[in-house]
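For what it's worth, this note's numbering labels the leading residue of the sequence shown as 2, then goes sequentially.
FYI, nobody ran anything at the bench for these hints, they're computed from the structure. Treat the hints with care, as some may be off.
Listed next, with one range per pair, are the computed distances between beta-carbon atoms [claimed, not checked]: (1) P284 x I54: 53 to 63 Å; (2) Y103 x P176: 35 to 45 Å; (3) V91 x E269: 33 to 43 Å.
The beta-carbon is built from N, C-alpha and C at its ideal position, and this holds for glycine as well.
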Amino acid sequence: MLFAVPNSPLAQPWSAIVGNTVAAIVAVAVCLAVSDPLLRIALSVGFAVAATILCRALHPPAGAVAMTAALSPDAVEELGFMFALTPIAVGTVLLVLVAMAYGRLTGRHYPFRQFDDPNSHGTTDPEPMERLGLSEVELVDILDRYRQSFNLGVEDLARLIGAAEIQAAAHKTDPMVAADIMSRNLITIREDAPATEIADMFRYHRFTCLPVIGTGDRFLGVIFQLHLIECVAQVANQTHSTFQSAMRHLMVGKTRAALHAIDIMTSEGPCATPLTPVAALLPLMADGNVDAVPILDDGRIIGIVTRTDLISALARSSLNTAVQ
């Protein structure tokens with residue numbers, strides 16, 4: 002459950018650790034008091050489920066923990082209530098820690114986020130996709146009404162509703178494609194361009210991103226202003242200098258290793274084709290993590306759709322709808 006359905010309320014650390022431990026304690030108590038095998042198993046599992054519900058720590062594998070104890074009376078008699086501590090509690094804690102590390106490595110959230118957790122920018126505003134006008138109480142009521150509180154968290158429900166609203170809004174736009182709204186007269190930069198040239202281009206053109214191209218004008222990635230700032234911050238840490246001093250070091254190439262465009266760019270962002278519907282680009286840029294989507298044709302960049310392009314297209318679509 003921790004790895005397959007990490008967003009389930011039944012798979013959260015409290016449910017896993019407390020649920021398994023309480024189930025083990027109950028099962029040990031039953032084993033020490035009841036000798037009949039069938040009755041011992043039935044009472045262990047039944048009482049374990051009831052106890053975890055009372056502790057608000059319902060965790061389906063806890064029933065298996067209770068059954069395991071009931072099927073192993075000799076081991077339980079030898080370990081006593083230590084069985085609940087080790088291997089059960091300690092083993093579950095280790096599993097939870099591994100699941101948290103696995104979640105970070107795979108980009109998933111475990112434990113799941115709470116409704117009032119800070120957003121990705123560290124502020125208390127909800128994420129853009131979650132600004133629904135619905136309170137936490139209303140979302141909880143929806144989950145309770147449809148009996149989904151054990152399967153879904155409030156935060157995940159908010160994300161799903163937000164995504165559905167964005168998708169519904171996309172259906173109301175004109176059937177435009179990326180080629181209709183993309184910027185075509187692109188300013189690109191070569192993969193071997195030094196950091197000083199990159200900074201000059203950002204300053205001169207006042208762009209927020211620069212596409213990077215290689216041999217044969219093949220698209221390689223994108224440099225955002227944030228990437229350049231992060232490089233300067235790294236130089237500042239290496240040289241134990243101020244940000245301004247690090248910027249000067251970067252500009253004159255006095256860093257430990259000269260930085261070029263290919264060292265700064267990212268190639269992990271989404272890309273699209275000229276025929277990609279605008280409706281498909283809308284969710285990509287709605288959460289603030291993507292500022293621009295390169296438009297590729299046979300591996301070569303022929304345009305780019307920025308958030309500004311998308312907002313302008315949506316504004317025109319809304320205006321046309323209002324006029325009609």
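Verification of the hints:
1. For P284 and I54, the hinted distance range of 53 to 63 Å is not satisfied, since their beta carbons lie about 38 Å from each other.
2. In this structure, Y103 and P176 meet the distance hint of 35 to 45 Å, their C-beta atoms being roughly 41 Å apart.
3. At about 38 Å, the beta-carbon gap between V91 and E269 stays in the expected band of 33 to 43 Å.
Violated hints amount to a single one, hint 1; each of the other numbered hints is respected by the structure.
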